[in-house]
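If you follow the hints, you should be able to join the two separate chains into one complex; please do so.
Chains as they are written, first to last, in numbering that gives the first Met the number 0: chain A, 0 to 239; chain B, 0 to 718.
Mixed in with the good hints there might be a few duds.
On the chain B side, residues computed to face chain A include the following (Cβ under 8 angstroms) [what the hints assert, rightly or not]:
no., residue
1, P212
2, W213
3, I231
4, A235
5, G239
6, P678
7, S679
The following label-pair restraints were derived from C-beta to C-beta distances [unchecked claim]:
no., chain 1, residue 1, chain 2, residue 2, range
8, A, M199, B, P362, 53 to 59 angstroms
9, B, F560, A, G168, 52 to 58 angstroms
10, B, T448, A, M199, 54 to 60 angstroms
11, B, E545, A, G62, 50 to 56 angstroms
Since the hints were derived computationally from the structure, they do not count as laboratory data.
We put the beta carbon where it would ideally sit given N, CA and C, even for glycine.
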Amino acid sequence: MTRRALIAAALALALASCRDPGRVDARDYDSFWVWAGVDPGRRAEHARTIYLLDGEVRAGEEGRFVDLRPSVPHLKDSEVWLVVRTDTLDWRDGVVESLGPRAAAWARAGNRVAGVQIDFDARTRHLADYAAFLARVRRALPKRFKLSITGLMDWSANGDPQALRKLKGTVDEVVIQTYQGRSTIWGYERYFERMRDFPMPFKVGLVENGRWIESPQLRSERNFRGYVVFLLPERRASTN
Amino acid sequence: MRTKWIALGAVIAAALGAIAWACADAGEEPTWALAKKDYDPGGGAGMLLPSNDTRINMFLLLADRRGFRVEEPAVEEGSPPVALFPWMVMERQTRGTKPGAFEDPVEPSRCQSVTAGNAAFAAALRANPNVPDADKQPLIAARAALSPWVKPAEEYMPMVCGDAKAAPLAPPAVSSPAGREFAAYLAATQSFYGGAFDRAADGYRGLASASDPWLRETALYMVARTLLNRAIDRSATDYGSIAPVDKRDAAGAREAGHAFEAYLQSYPSGRYARSARGLVRRAQWLAGDDADLAAEYGRQLSATTPLPNAAEAAAIVDEVDNKLGLPTSKPEIVRDPVLLAVVDLHRMRGGDAGNREWCCGPPITREEIERQRPLFGRDSELYDYVRAAEAYFVRDDPREVLQLLPDAARQKQFSYLQFSRQMLRGLALQQLGDRNARGFWLSLFPGATRPYQWPALELALAIQEERSGRLDLVFAPDSPVTHPVMRQMLLENVAGPDLLRQQATRPGAPKLEREVALYTLLEKELWRGFLPQFLGDLRLVPADAEPNGFYAGTTYYDARFNSHLDRPPLGKFGKDARTGNAGCPAMPATVAQLVAAPRAIRPRLCMAEYFRLNGFDDLSYEAPAPPVSGEGLATSREQFPKGRAYSRLEEYKAIMADPAASADDKALALNRAVRCYAPSRSNSCGGTDVALSVRRAWFNRLKAEYPQSRWAKELKYYW
Numbered sequence: 000m001t002r003r004a005l006i007a008a009a010l011a012l013a014l015a016s017c018r019d020p021g022r023v024d025a026r027d028y029d030s031f032w033v034w035a036g037v038d039p040g041r042r043a044e045h046a047r048t049i050y051l052l053d054g055e056v057r058a059g060e061e062g063r064f065v066d067l068r069p070s071v072p073h074l075k076d077s078e079v080w081l082v083v084r085t086d087t088l089d090w091r092d093g094v095v096e097s098l099g100p101r102a103a104a105w106a107r108a109g110n111r112v113a114g115v116q117i118d119f120d121a122r123t124r125h126l127a128d129y130a131a132f133l134a135r136v137r138r139a140l141p142k143r144f145k146l147s148i149t150g151l152m153d154w155s156a157n158g159d160p161q162a163l164r165k166l167k168g169t170v171d172e173v174v175i176q177t178y179q180g181r182s183t184i185w186g187y188e189r190y191f192e193r194m195r196d197f198p199m200p201f202k203v204g205l206v207e208n209g210r211w212i213e214s215p216q217l218r219s220e221r222n223f224r225g226y227v228v229f230l231l232p233e234r235r236a237s238t239n
Numbered sequence: 000m001r002t003k004w005i006a007l008g009a010v011i012a013a014a015l016g017a018i019a020w021a022c023a024d025a026g027e028e029p030t031w032a033l034a035k036k037d038y039d040p041g042g043g044a045g046m047l048l049p050s051n052d053t054r055i056n057m058f059l060l061l062a063d064r065r066g067f068r069v070e071e072p073a074v075e076e077g078s079p080p081v082a083l084f085p086w087m088v089m090e091r092q093t094r095g096t097k098p099g100a101f102e103d104p105v106e107p108s109r110c111q112s113v114t115a116g117n118a119a120f121a122a123a124l125r126a127n128p129n130v131p132d133a134d135k136q137p138l139i140a141a142r143a144a145l146s147p148w149v150k151p152a153e154e155y156m157p158m159v160c161g162d163a164k165a166a167p168l169a170p171p172a173v174s175s176p177a178g179r180e181f182a183a184y185l186a187a188t189q190s191f192y193g194g195a196f197d198r199a200a201d202g203y204r205g206l207a208s209a210s211d212p213w214l215r216e217t218a219l220y221m222v223a224r225t226l227l228n229r230a231i232d233r234s235a236t237d238y239g240s241i242a243p244v245d246k247r248d249a250a251g252a253r254e255a256g257h258a259f260e261a262y263l264q265s266y267p268s269g270r271y272a273r274s275a276r277g278l279v280r281r282a283q284w285l286a287g288d289d290a291d292l293a294a295e296y297g298r299q300l301s302a303t304t305p306l307p308n309a310a311e312a313a314a315i316v317d318e319v320d321n322k323l324g325l326p327t328s329k330p331e332i333v334r335d336p337v338l339l340a341v342v343d344l345h346r347m348r349g350g351d352a353g354n355r356e357w358c359c360g361p362p363i364t365r366e367e368i369e370r371q372r373p374l375f376g377r378d379s380e381l382y383d384y385v386r387a388a389e390a391y392f393v394r395d396d397p398r399e400v401l402q403l404l405p406d407a408a409r410q411k412q413f414s415y416l417q418f419s420r421q422m423l424r425g426l427a428l429q430q431l432g433d434r435n436a437r438g439f440w441l442s443l444f445p446g447a448t449r450p451y452q453w454p455a456l457e458l459a460l461a462i463q464e465e466r467s468g469r470l471d472l473v474f475a476p477d478s479p480v481t482h483p484v485m486r487q488m489l490l491e492n493v494a495g496p497d498l499l500r501q502q503a504t505r506p507g508a509p510k511l512e513r514e515v516a517l518y519t520l521l522e523k524e525l526w527r528g529f530l531p532q533f534l535g536d537l538r539l540v541p542a543d544a545e546p547n548g549f550y551a552g553t554t555y556y557d558a559r560f561n562s563h564l565d566r567p568p569l570g571k572f573g574k575d576a577r578t579g580n581a582g583c584p585a586m587p588a589t590v591a592q593l594v595a596a597p598r599a600i601r602p603r604l605c606m607a608e609y610f611r612l613n614g615f616d617d618l619s620y621e622a623p624a625p626p627v628s629g630e631g632l633a634t635s636r637e638q639f640p641k642g643r644a645y646s647r648l649e650e651y652k653a654i655m656a657d658p659a660a661s662a663d664d665k666a667l668a669l670n671r672a673v674r675c676y677a678p679s680r681s682n683s684c685g686g687t688d689v690a691l692s693v694r695r696a697w698f699n700r701l702k703a704e705y706p707q708s709r710w711a712k713e714l715k716y717y718w
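Bound-form chain B, shown alone (with noise of 0.2 angstroms):
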């Protein structure tokens, strides 16, 4: 069943698959391999890839460098690793954040400030002794009232945290001189929230000597950002969103730039440094002041020092790839060794004149990664993984890819880098057909201890299997593939009879796994005509194997929405199935009159009753797209016999043409024809479709012939 709608969806895919491409991003489906030549958005892996999501390549690298911990690649509780992921996967699991949560970068607005700002200025008012307290009150009053959070409602309007066209504040009855300059601070940021940022300016400039330290400090601070956001506001869109780079105001948003830098001259420690140091980054990216913003951001990436965590790390790559743009049309901005590994990895993806713009920026040249040796400098690990991969990615020579990345298989442990210049060494001597290949990716395992590390080796040494006819060594007790979404995928699609009920009936196999071998044999037997095998096997049916729901195998497996793999209803090949209102046996009783009497007619509508009403319809548009496609895992040949496909239509339309047939038997069988096409007037019974002149011939036949049949009576319309 399912191989007939892998069969459909690949028709359909062949038919799309022109302007699916040429749309771009069809879908998030990944291709279960690691040599792949294009962008595979659900597809990334724990090594360095073109086909990766650049930002996956980057965080890898990063890992390698500033030595924080990388999550378990377990999307959910229970559920296997993750191979091939999308970056919004391996993203979330450095926040800990639940699939289906948010994931979009998020562009706060200048009223972010508005609480922490009311409090700061409280805790400075309060600390500074030159104030009265007769005056304290008045003024922290004052800023309250200012962002009021004495109705919560207000906390929230962050675009009406004031109000531009608001008179100025009247100062509040402040008398001591210390006071006057809180007053006048007060004054500013009203302006500032208010969105008058002229004045805001003004006012936060004339406290550049105040005699409060908090003050000159803040307000120096505050010149800066209300420069920032004059620049952001004039750069803004009738939909509030910031316009295109040559639309904003570039000079507005490099005065912000140097005003921050001023600040942090002053306060290389200073209390908003940080905020200063991420705020020149906006600042530049505002101004599309991109070379400015690689550097700063190769400093960021090749830097030594450890981050905190991966969520840290997560930050930077995601603020780098939406600020900096990459693929970069201008890779001659690229000057940091982290960063331009990215960028070359980027270039080496597959995409012709037309779509390069958008997947991947101008192709690489061997001669180009030559010239950029000094930028690399002393990082010849990272350096000579690049030339290999142009190597094997660009130009098809995996035997350049053994000469450059020697042999270092085995390791305790392998850092990301490390890791992918072994992968890559494996890739090539499996593209080369090399008798040791094997044996090289099992002296791997061992070193593949970081996070997605070992699942992307299963995969590679899968694939190796697979491709050498072996199978069975997959299955084999000692295997080191046991990732169940690998096992299931070559069950379902490649495996053979033999294989699958050996692996139904193996002890010391997965209880889903046995489950889902059984299903397979016995939904292919059953699709393919093969009943007497079918019957035999059912015996292996639990009895007490659920019956209903739907089940599409590893087709629903999704590493972003759906990371569990669902039983299969075991039990629709049992004696509960469903069986109808036509008075038929349980199913095994109907097969088994099938066994004996291949073209008796009762049982093949029992038969067909029992397909109509277990879900094994309409499975081609329920289905969506596999995700197996042309090359990776389990695309290999089937090894599982064709035999003769079932068609619930092809069986009406012998029955209602056939002597032998009882007046009950065709009224039937021309009343399921015709509700084949019931409702959406597309066949969901398979074999050759018919005109609809055909089903309203049927239609009339069955009221004309059968007029008292129930199967007549009970049949108002055709479709």
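Pulled out of the complex, with its shape left as it was, chain A reads as follows (with noise of 0.2 angstroms):
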């Protein structure tokens, strides 16, 4: 075996020791957040969805779009969003417009695209702006492509669930982000208690070897979609 396939092995060998019921494991899942820099490997063989970070929109840039992909991706396996991921509503000027071609510039390369997913990472928003950016990009995006975005859920008003109610018609999925950090953020159920009735489709995003137990709750809602699993750097996870 080559040194690679003895890390590999161990790697696998120290995960099974670890299971935990209680733990995100990333072979019980089929749908990830592959952001740059993260080599899936095995961890996504068998994955039906794979939400891609394409690139960033940053304030620190002004606005303009950042790209973190050096190459086009080619999944034949699985579908495949596109992610956008942003800190700001102050796009510069055509950086919406890009989203439907960059989707079908993946598209062209023969991959199933679902559509693209605003990643909006910001610490306070303005629902009301958002809803108004959101409305724009669903204006410029061709009706092939769904928009999708995610949901940081947090204590704030704005991070209310029936804020999000609100985009329905604008959006059509949410993913909603139980975790900060590497870390599952605390009090997840009281939040979902608070989604009842979500009126539209919806996920749960969740981190790797982040902590989740699935409420009975969640899995009786009618537009609970299952969930989406960030994959975190392989590397990173330990050595610096």
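Below you can see the structure in the form of structure tokens.
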């Protein structure tokens, strides 16, 4: 065996020995976020859906699109979402309009592109502005692409699932993130209680190795569409 | 109350402990100490330590050598300076970005140059007197059409900044020989952005002896970039990322590297020299040529020319970390003193054989460090620190530290290395129980002028005082330990009632600290059954104190996400606290009744209502894992008496079985006891859990025995 294979085998063993029902193990899920610099390797072998970070739009870069993927993907076995992370709604002219062509370029390369996901990563968000922004994105995006957003589960009024309900009709799905950094945010049960009868499809985003115990109520929600697991970079997980 | 959740958190932590450890990286809460054998991702400090993120160590050493200004460690306006922190925070400070901004390395695509390239092309063309104006116009238009910013959207389609399958560009109608060279450049550039790299390389090579100097230089540089992009393309995974090293086009990458070197040979200070130097490293990285890369990084880290700012230093540190992959499993490739020190410290971490491959590489030995002496050369200050660190962290030999690192405590200022040397000496004195340890720490303060040094020193001294049972010295008026988080941790977790009362009323203490001390005092008195004292201390609560709000003290402090300390809602301990709909008086009155008659039933129910309504339930699961782990600051024996832990559930059980209780009392107790399990079927009221069958029996009894009671009518389910 090569050194790498040995490492992989040892890692698999270590993971197997620490399997824990309260921890998120990628093997138990079939949808993943794949961020820049993350090699999903065998963890995503069985993936049905990949949320693949394409680039980001940052306030610090004056709202330009910063490309984070050195090459066009070629994913044959799974559906893919083109994810754009942003910390600002103040995008430069043309960036919103470029999302459709970007997704189309991926589709031309043979990928099954489900749509575009906006991962708005700001600490404070004014929902009215955000709704207007998303309406713009929706208008600019060809009909064949769906629009997904992430929602950070936090305790501020803007993280309130009630507020997210208002985006029905603009976005096709919401993925609620239950973690910050590498850790699950405590108190998620209470948050999901407030998500009863959520009016549009939603998924729940988990962080790999984070804590997660599913509440029975979530499973019974009509619009609950399962989980998306944020894959961590393997080396980063322990070496710095 | 908080002690309760900390205790609970500790139980969970203990239960998950072995697992979490084996799975690596359970959380980011730091251990509040400096002497740590293991990697502490969230607990880096302003001195060179094995437990630091390697990037922090590299950055500190770089700061010493390359003379940039390190930013102050106050993360947000008005927040205390961070004492322990992950690299992300330190790096974020250098960029002046706000918390929550992105922190991942960026891997830009080739298309990043498409805008600048357009402008440079036009400028070069305009500057060339041999191209007639009639030719310039169509050439400029063709370049603009090639990466057309006519429609703004297209600027942001880097992956679509060209199309490999597109037909070669129809040459613009250009007649002059010089103009035709520009046209040839244009065709090659279309191929480059489109991803037709072979065609692009041929086109650029054809311009090696072009008459225009800009074209000649640019084409030579572009040959190399084309080769590199071809190698990247051939090394991509299905995800469009770079494949593991054994699946990359290493030969292609080396060819590109040589091409960049050829460019640099011809144009050592050319217009693309800086970019080319960076891309040489990128080619080395892509090819997996770690030794070459390590040598190149070593030159950068040990250079003595000043860096313009901390952001530049952080960029170097990040690049080294990303691309060299510390801990290298090949320590022998490291030859430079700075990099060597970083890798050696890294290898001093604990971690058993199975884990080392990821955590810290092969263990380091004293003999190996001895053999490194020539590599450190004249850098004996650094070399001796590495030796002393090995003695301290690997061999537990603090005496040797004292021999290797002589006392040089009293300084006007310390470099980070000098500071680290004296701090390690201090840790050794502390471990030896030297009676001068405290005085030694105190003598370091005047020199701890660089950012991150003072808080590290405060932490060392606070631990010293705590371990010698002298919390009073931390809180003495002239104490150098002013860090609000450290002081608050000690108040919350260790301080006894006298110290809390003293700080709650001390005129010179900061307002927040007075409030925290009072809140902690009242909370513990209440939760542990010291009601007469509680009643006495209530008078310290200001009349207008805020009665609402979730509060978790320092357990919510986080250098990365939440570096402000919250004010405690002291009004929860006052007349405005919620009392509910069971006809209870204001809380102080209830407490007064209980002080007079501790077994009185109605006041006990009212007390339970008070607990229920003021957010004292549920905290066990709302609270994150406490930042205080088994070692470090604020983990010594608590000086506050344990008393008797309060539990609503136990009160209800007792009252429902008490012959002296009225029908309404019992109905209320039954109702609330059932509700302890709503809605998640887990008990939020403390005490001893009961089975579902017991809850059902309580529910049925409430409905059968007190059918007319509002408490029976109001309850529709059990859980």
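Tested hints:
1. P212: Violated, because the Cβ-Cβ distance from B/P212 to chain A comes to roughly 31 angstroms (cut-off 8 angstroms).
2. W213: This hint is violated: B/W213 lies away from chain A, its Cβ roughly 26 angstroms from the closest one there, beyond 8 angstroms.
3. I231: holds (6 angstroms)
4. A235: holds (4 angstroms)
5. G239: This interface hint holds because 4 angstroms falls under the 8 angstroms limit.
6. P678: holds (7 angstroms)
7. S679: Given a least distance of 6 angstroms, the restraint on B/S679 holds.
8. A/M199 x B/P362: 53 to 59 angstroms: Holds - the Cβ-Cβ distance for A/M199 and B/P362, about 54 angstroms, lies within 53 to 59 angstroms.
9. B/F560 x A/G168: 52 to 58 angstroms: violated (33 angstroms)
10. B/T448 x A/M199: 54 to 60 angstroms: With Cβ atoms ~56 angstroms apart, the hint holds.
11. B/E545 x A/G62: 50 to 56 angstroms: violated (39 angstroms)
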